[in-house]
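K.L.:
Could you build the full structure based on these sequences and the hints that come with them?
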Amino acid sequence: MIIDHPLFGPRDASEFVYLGDASLMDRPDWKSETAAQDFHAYAYLRDNPAGPHRELWFHEGGDRSWLVITRDTVTHEITRVELARDVARKQRAPQ
Amino acid sequence: MHDLTPITALGGSAARSDTIAGLTLTERPDVALASVAARLGQETATRAAVGTLIGTEAPGPGHLAGGEVRAFWIGPDQWMIEAPFATHENIATILRAVTGPAASVTEQTDAWTRFDLSGEDLVPVLELLSNLDHRRMASGHATRTTIHHLGCYLVRSAANTASIYGPRASAGSLHHAILGAMGAGL
Amino acid sequence: MKDTSAEGDVRQIEPASPGQPNRLPGGRLDRATTLPFTFDGKAYSGHPGDTLASALLANGVRLMGRSFKYHRPRGPLTAGSEEPNALVELRSGARREPNTRATTAELYHGLVATSQNRWPSLRFDAMAINDRLSPFLTAGFYYKTFMWPASFWEKLYEPIIRRAAGLGALSMKPDPDEYDKGFKHCDLLVIGSGPAGMMAALTAGRSGADVILADEDFEMGGRLLSETFSIADQSGADWAAQTVAELSSLPNVRLMPRTTIIGAFDHGIYGAVERLGDHLAQPAQGTPRQVLWRLTTKRTILAAGATERPIVFNNNDRPGIMGAAALRTYANRFAVTAAPRVAIFTCNDDGHRSAADLHAKGVKIAAVIDTRPDAPRATDYEVLAGAKVTDTRGRLGLTFAEIALADGAARTIEVGALGMAGGWNPNVHLTCHQRGRPVWDDAIAAFVPGGTLPPGMVVAGAAAGALSTHGALSQGAEAASAAVSELGNRTDPDNLPEAEDAPVAQTPFWYVTGADRAWLDQQNDVTVKDVKLSHREGFRAVEHLKRYTTLGMATDQGKTSNMAGLAIMAELAGKTIPGLGTTMFRPPYTPVPIATFAGRIKGRAFHPTRLTPSHYWAKEQGAVFVEVGNWLRAQWFPEPGETHWRQSVDREVAATRASVGICDCTTLGKIDVQGTDAAVFLNLIYANGFAKLPVGRVRYGLMLREDGIALDDGTAARLAEDHFIVTTTTANAGKVYQHMEFVRQCLVPDLDVQLISTTEAWAQYAVAGPNSRALLRKVVDPAFDISNEGFPFMACGEVTICGGLRARLFRISFSGELAYELAVPARYGDALMRRLMAAGQDFDVTPYGTEALGVMRIEKGHVAGNELNGTTTAANLGLGRMVSKKKDCIGSILSERDGLNAPDDLRLVGLKPVDPSAKITAGGHLMATDGPVDAAHDQGYVTSAAFSPTMGSMIGLAFLRRGADRLGERLRLVSPLTDLTVEVEICSAHFVDPEGVRLRA
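The listed protein sequences correspond, in order, to chains A, B and C. When we follow my numbering, the leftmost residue of the first sequence carries the number 1, and every step to the right adds one. When we follow my numbering, the leftmost residue of the second sequence carries the number 96, and every step to the right adds one. When we follow my numbering, the leftmost residue of the third sequence carries the number 282, and every step to the right adds one.
In case anyone wonders, no lab produced these hints; they're calculated from the structure. All clues stand as given, with none of them false.
In silico DSBU-like links for lysine-lysine, alpha-carbon gap of 35 Å or less: (1) C:Lys973 x A:Lys31; (2) C:Lys323 x C:Lys454; (3) A:Lys31 x C:Lys1167; (4) C:Lys1167 x C:Lys973; (5) C:Lys1168 x A:Lys90; (6) C:Lys454 x C:Lys436.
P.N.:
Listed below in structure tokens is the structure:
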């Protein structure tokens, strides 16, 4: 596969390490009353869609950026690539 | 002045040089390296400091800039600065004096070993080593790439020269891989 | 009725080359040069431009191999890479290369080839008895015949079958040649250099686009080299040569002959095998024989052409029976005929083209047998309209063909070669590598590319079902124009060169009714009878048919056989061919040697080797090395007189504990952590707290995974308020760095923290033992106070040594002794080790390796990789209290789960044998002193074990249920695998200096 890195442009997927579902970025609040259940869901429960999937890849053989990649698990078509740090900051920004 | 004698990454007392089929590969222990990473909110100041260090604008992703002191981009708001070892052995301290608290500076001199590959046409050699579009990597390009499972930086400072920075501990494996590609005669 | 006039009809061919009786005039050969070669030890000659098959045919040799199962005599069926039959062992000795297709092997001076799968000789093969036994050897025979008794399978049946049925043999010697891998990028890849590919490359090349044109053949031109029709008033072959010359002159076009595109992968990536040295006796020194290229493309035009399909009739596999278009290729391109007298069996007009071309070259056409009653007439030879070939004769090669005429009469004709023209199948293979399924085209009765093609791929020419030359040229030009404009270039509206544009229709004719011992898959000996059997026994789905009969499973992947097999099964099942479907095409398109996939990544270069800074010094000392990941570390340092590793290791441990020892610990991961939030960041990463660690101090830290399991351990040293150095275990350096970057970028993107690995930048040595301070005092510059008060246990700081070299000193201990780790820039590591050894002579300083390191950490009860094994929690490790509840940290919440906190959880303990001479093994399990030994009674397991010179016996670390409460208890250590049962006593894991007095001395 080819991953269109937001800073580098197209790079071979062999330079990247796959982690999994991008929901891993949504780490629950440890102080919440439901923290135990929240962390259980966070650590173990994943959707397994046949179709578009947002997932985390690490550009180990590149600039060491974590990327959020939207990839169709059936066709491998990649429709979006974002720097995870930007995504994480946007999530944290007050709406 | 201390009295410890350094060795090169390949284990020699002097830099090694090999010539095969009109191509030359030279070990370059005579450079000092340090990474400069912007502190949070200090990206502009750091970029400016890098510019001051190299005497020109800090390079963007995939690029190299500067002269005797040069910088290449290694990550978002992060650069590798290279300078002559003879004058910059203590490179982290020297750079920190310029960046001040705007950036985190880390000595990288011996994390890497630099090999310079030079010759008329480097593309056939580089194509056997790394998955980049080497025909389009003009002078001034610099990027991370993988060579025989080793994470390296490839820096094109001139049309007939490529600097390959590999992990120092694997200098022997990297050297072997490059010599093999040079001898392939493609 | 035998055609008795045949003999008198044979026209004597004037051999165009001496000693090559079947050589014709013309062709694309360099006749000025003669190439001697041998086949089965017999000397022959050919010319540059020949393949082994064409040269053998020129020499009158039709018999080139034996079939897989029945050992039937076989000759070439084709003139290309789809060849099922003419497989030989090429070269000799270590370079022997089995299963090489004679039809693609380029002839070179001194070529040596040997036939395979026969004994004692090709002409007399004892195993041909299998052909007589064929009623017992039908499809699936090995499933049925060799069922009983079961134990005979491995010992008796399988070895016999494997010996009797097979292909060529390996040399069993290391391949002396180099192979390589590489990477190329282009905007447009054109696969195949026939009229479509050539026109596509020309159109795109003239526009300035960045083009690679690849073809498996050694000469570019594809089918144009085999045909006689003209393009733009010159021969097709001349037009091809002229076009190749123009393409070669374009700097933006790269030509890759002898290059097979073996697979289409995601996002425009293609695999290619370039054969650089296969046409030479041996490649030049250093030059790879083959290169596996990974091609990254933006657009691809597949112009892979088409494969002629045979017709199936009884005994259709004799040497001399081959594709009619292959006969045409041999005649036009290689100037060879398989025999002086030839017949053609066809169901379409293409067969007549072969007859005309062969006739024009002076070959006698005995007859054209056309299944169509309305077959075109010819004046130069007899056409038998509405006739069929029903059987053939000839023991080692075709001698007679038996024909059923339109009126039902039988006729026998004497021929040495018979061409089969069953029509053409587009080569759709690469279109299917990304889930694409071909679709049926009734007009040509064949599958054409359909469904979803690999992204960026367009198919042109015969591969797309356009079987005329004009069709191929225009599709190639169109595909290239479209691709080029998508890439942002512009093409000139080229005038297409004029070429034949005969309407192509193909009438399907798969097999002659009544045929049974009629070969579909010639390499795997699958006959019509086998397909019928498969149908009868219920293996009717296309994938079942393939596996039950092995149809299409040979090295040629059924390129010439699958279609007829499908057609027959469809007919039996009452379905249409598209209704039955096709099997999946997968890479590689043609076989690839394993050596090519390996490239240079073999032997010692299989993975990179990492050398420690003291490596060259250690080698001088005669150290024994061990691989730790990619690192090569000194395992122990044998001294003269030591004959067993234990002697060396025991000495190293004792000497270190008695005085001072030095160990290279550079391999531990080092991560530089800086930023105003560095301490906050480490608080999140580590289970224990780091916020309050003072500058100039080191702390042991345990990292958890989010699920509460231990990830890694190490130390963090605070060099400044905003600067830490984190160490990881050797094995986890990469993983921990990746984890820390994940937390930094994805979880806490607004913290001011920067990370970078510095593992290799610093040579780091552990200096351990009661005299370590005294030794260091001799190298650390006097300005630095390293007294116990000035530099206490867990202190760290930047110092200078040996008169001014920058260094880092950490007072940490893995061994349990008074100990330090001293780091200098890696280039000085070698000199520092020599200096420490020289300075330490007064103390009998001893270098120690990883074994002694391991022994001392077990004696001290420090956990390592064996204990941090991916299943253990902080509580299991006895470090439960380290997990801070006052702050958030990765793994904190889930480490509190009930399941990880049961009352009878595992706890880390030490153990020693009751009998001091008894053995303890890691991996053994702990059971009560008596009672059953089984999983239900398992109480724990041993993770680490070593002989402790300090304790005078073996000792171990173990995880034991309620272990903390069971010190002093006796248990049974059992290791059924090594047949060991030992009584052990549970004790504290800290065998040496449990109070930690030595550390603080």
